[in-house]
Amino acid sequence: MPVESEQAPVAAQPLEQEQAAHPAATGCGPAVRRASAAPRPPHDEHELPDGRYLLAYRRAPDA
Amino acid sequence: MPELRFSRLRNEWVAFATERNDRTFLPTDSCPLCPSGPGGDSEVPLDDFEVVVFENRFPALGPDRHPDGRPVRPATTGCEVVVYTPEHHATLADLDRRRVRLLVDVWAERYLELGARPEVAYVYVFENKGEVMGVTLHHPHGQIYAMPFVPPVAATELAQGAAHRRATGRCLHCDLVRSERAGERMVLDHDGVVGFVPEAARWPYELHLYPEGHAGSLAELDAAQRDALAAALLEAVRTYDRHFGFSTPYVMAIHQAPTDGGDWPDAHVHIELYPPHRRPDRLKYVAGVELGAGTFVNDTLPEETAAQLREAGRLA
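As you go down the protein sequences, you meet chains A and B in turn. Note that the working numbering has the first sequence beginning at 1, numbered continuously upward. Note that the working numbering has the second sequence beginning at 1001, numbered continuously upward.
Since no wrong hints were added, every one of them can be taken at face value.
Chain B residues, not near chain A, derived (Cβ > 12 Å throughout):
{"hint": "1", "residue": "MET1001"}
{"hint": "2", "residue": "ARG1178"}
{"hint": "3", "residue": "TYR1285"}
{"hint": "4", "residue": "VAL1289"}
A partial selection of chain B residues facing chain A, derived with a Cβ cut-off under 7 Å:
{"hint": "5", "residue": "VAL1051"}
{"hint": "6", "residue": "VAL1053"}
{"hint": "7", "residue": "PHE1054"}
{"hint": "8", "residue": "ASP1105"}
{"hint": "9", "residue": "VAL1106"}
Listing some non-contacts, in silico: residues in chain B with all C-beta distances to chain A over 10 Å:
{"hint": "10", "residue": "THR1018"}
{"hint": "11", "residue": "ARG1020"}
{"hint": "12", "residue": "ALA1090"}
{"hint": "13", "residue": "GLY1130"}
{"hint": "14", "residue": "GLY1294"}
Hints are computed from structural coordinates only; laboratory data are not their basis. No residue lacks a Cβ here, since even glycine has one placed at the ideal position from N, Cα and C.
Could you put the whole structure together from the sequences, leaning on the hints where they help?
Take a look at the structure:
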């Protein structure tokens, strides 16, 4: 039976990784939390010559 | 084509993106981030703009590409560039408060848009400023990585938060903010956004900026909170410049709730700033102990650097 001094202090124990460190390299679906009532900035969408998108944002009129 | 490999030894993902090895490096003849007008040859072929976001030409992560190089749609994971202003020689500290507020709104928008993609587990917003932090373009800009996993720093914070909640029933971040608020490591307080040097800062002048009200992401902040966060961020970077006496390099990292479908009550959005200087004429390097052992050695005390930053703030 280990004596107390041989036990690592609780603070030094490695954390259980739980859901945070799931190694799978993939998300599992949209899960963004609620958006606030802050006004959303308007934007224009453009396409660059190689197919990438470019978004130009402007201040919302009441922001 | 970017590729992810998982290290079983370190329990971490490593991104491989060989095309980045030949990306544009500190160009002197023209700037890819300046507006070049319709049909122009920069990355921003517009006459003018306030803030633009575009897909990084040299991404560290996805999306997949067709044989002709065009990105596969719908977009999945990926990397975006956020250009703060058309002014080539400006820095974040030079922007006015309304422009920084727009930046906060754009970061929140991109969190929602990118986080809604099924493949994206984490939306990481950050900025590297200064050549010592590895920038390859001086035009003021930041980046967003839409990642297919929760990166290790965020994962550790979340696990610590979950352990704290099990032990106390409270949010770890909210408790940290409460304990720091009246303490000697506080640096700034802007209408409900506080900034302090953390008790166990890795970097001498590291600052953490927190909205006091609990919110998992920028998207949850209301207009007043976003105004306050923009003001606090501006004050923080201007304070660095006043303290050091030059335009201070830093890494800015925004930690938010994952977007992987889980419930993350312990996520509390905050901005972390890591300037690499330990004195105006000395850098702190990430070297043997930090890289090989994972333990940071800090040559300063957070209580003392916080006092220096408060003094610099008073000079505003």
